[in-house]
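Using UniProt numbering, read the sequence shown as starting at 1 and increasing by one per residue.
Please keep in mind that the hints were generated in silico from the structure rather than gathered at the bench.
List of simulated lysine to any residue pairs, SDA-like, C-alpha gap at most 20 Å:
#: 1; residue 1: 533; residue 2: 420
#: 2; residue 1: 142; residue 2: 241
#: 3; residue 1: 337; residue 2: 385
#: 4; residue 1: 284; residue 2: 254
#: 5; residue 1: 533; residue 2: 566
#: 6; residue 1: 48; residue 2: 99
#: 7; residue 1: 142; residue 2: 200
#: 8; residue 1: 317; residue 2: 305
Distance windows between CB atoms, simulated:
#: 9; residue 1: 394; residue 2: 351; range: 20 to 26 Å
#: 10; residue 1: 160; residue 2: 368; range: 53 to 59 Å
#: 11; residue 1: 267; residue 2: 599; range: 47 to 53 Å
#: 12; residue 1: 190; residue 2: 221; range: 58 to 64 Å
#: 13; residue 1: 341; residue 2: 160; range: 46 to 52 Å
Beta carbons: idealized from backbone N, C-alpha and C, even for Gly.
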Amino acid sequence: MKTAAKCYPMKWLVLLCWGILSVFMPAGTSLGESGVPYEVTLEGVADKGLQGILKALSNTFAKQDEPPATLYLLKRRTSDDIELFRQALRSRGYYAAQIDVEIDEKSEPVQVRFHIQTGPPYLLKSVDIVQESGEPFPETVKVPSAAELNLEVGQPSNARRILDAQDLILRKMQAQGYPFAKIMERRVVVDHSVEGVLVTYRMELGPLAHFGATDIKGLESVEEGFIRRKLPWKQGDRFNGDLFVEARKRYTETRLFSLILIKHAEALDADGELPISIELKERKHRSVRVGVSYATDEGAGVTASWENRNLFHQGEKFKTALTISSLVLALDNTFQKADFMRPDQSLNANLRVARDDTDAFTSNNLETSLIVQRELMRGMKIGAGPGFRLSRVDQTTEDQQNFALLSFPGQFDWDTSDNLLDPTRGGRLRLQASPYYDMLGSNVTFFRTYASYSRYFILLEHPFLLFAGRGAVGSMGGTDRDSIPADIRFYAGGGGSIRGYPYQTVSPLLDGEPIGGRSLVELSAEFRLKVTKSIGLVAFLDGGSAFDSVYPDFSTSLRWGTGAGVRYFTPIGPLRVDVGVPLNRREDLDDPFQVYISLGQAF
1 MKTAAKCYPM KWLVLLCWGI LSVFMPAGTS LGESGVPYEV TLEGVADKGL QGILKALSNT
61 FAKQDEPPAT LYLLKRRTSD DIELFRQALR SRGYYAAQID VEIDEKSEPV QVRFHIQTGP
121 PYLLKSVDIV QESGEPFPET VKVPSAAELN LEVGQPSNAR RILDAQDLIL RKMQAQGYPF
181 AKIMERRVVV DHSVEGVLVT YRMELGPLAH FGATDIKGLE SVEEGFIRRK LPWKQGDRFN
241 GDLFVEARKR YTETRLFSLI LIKHAEALDA DGELPISIEL KERKHRSVRV GVSYATDEGA
301 GVTASWENRN LFHQGEKFKT ALTISSLVLA LDNTFQKADF MRPDQSLNAN LRVARDDTDA
361 FTSNNLETSL IVQRELMRGM KIGAGPGFRL SRVDQTTEDQ QNFALLSFPG QFDWDTSDNL
421 LDPTRGGRLR LQASPYYDML GSNVTFFRTY ASYSRYFILL EHPFLLFAGR GAVGSMGGTD
481 RDSIPADIRF YAGGGGSIRG YPYQTVSPLL DGEPIGGRSL VELSAEFRLK VTKSIGLVAF
541 LDGGSAFDSV YPDFSTSLRW GTGAGVRYFT PIGPLRVDVG VPLNRREDLD DPFQVYISLG
601 QAF
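Working from the sequences, and respecting the hints, build out all of it.
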């Protein structure tokens, strides 16, 4: 009897737990079932973008395949979402939004409906920046406007921009000589009576500072004078925090350092100046590279190069590269002296010895130039200098000819792209012009010009879709075509020109052999889709031609090629595989398709 009596409390405990659980379980749900299945909808938000943001925040949407164990837990999940929705709506100016949730427990599965009335977005009414002391700013201080802080008065309030404006205020004050400026308070007042938001930033400017002595640490083989010449400030100049960014860019462009830390002291020194410290860590200055390429019209090619980026300890660059292919055997040597006579100028010496063996000509040549190049602004460079080319050219349609050409090439480059091998933004403009004079007695004189421009546009972020376009034109005048060396004339066709056609064959022909022209037009368009982090697809259209005339003759039809390709993205750039098809195929000359393999995008 005593044993039976002891079982009664346990029985009642089980019944009590069953009763409690039944309160939180929907009708028809048993303990053996896996949770409370449900469907969820969001109503009342017309803006698809905002609707997508809210759904992305919602656990009710995200965990629909993970139903909660009880109805109570489902209700708690929706309650948590309501608070997340409210925060997201407020951050976008919807301070009067009303959010309700309806749960239909009798439906199978359970129906969850979020009802949202966003109301009108509250507008940003004012943005004020004041000193904590209440005193006006010094007359020399330019207080940034709302527009300069990416805040638009009269437009819907945006919490992220209001927060980000703090950093912009400090940057602009630091750029005016106040490195110790700090925000003391960010006050955001929501005025429901006018459906507006008023923002006030209270700050302390701190003392006005001037650049003090700059201490440079960590140098091993690089001379300190080279580093100091690249400083964008002088001791005694008014402090400007933006110059730290400029200095870091200058040192990065040398490719000499793996670590660049620039900072100022915590206080002014006894002279009222701000000491600066620069800590650098040198990377290896020598590198060896090997590259391979393949095209059905050009065959395989190998390029091996050696580079020293600190030859005489002041950032001098020397590079020698050997190229071997079925078309070219060449040794290219380049030397660059940075800061030549002024910080924004360089001296560039080039020497090339080559044998070019194409269907159009065979050329044994030596070419050298000495170019002074100046940077006008970031990404924009101009250069000019003397050049000399000695060559022996053997063309199948002409007798062997010798040339000793004196030239004076000039070049303008403007590069706003974001990556050398895989650009996604910006553009690249190149203009080249050079007179030539033959010193071997023929007295041939001619003038060669060339211009190209590439542009890159992001069409979609997810998935990543890019449009890239390129155009190029060229012209040579001053003499007839046959007097111009065959290895300097313009040719079109091939992997770097019009894909789908054999190398150099979209040019004037004689007995089926390319003889080159005096003018050129090339057009290219590509759509680049990134399928995964490492795989991309490309569709392209190329067109153009070389012409006998001095200027492109558009009464002659251009030849077009199209095709597709695959990109495999590596740390050193995308591996490119393209298949091009000629749209204006010549039966006796063009193959049905051409294949191109190399490193880097086509342009």
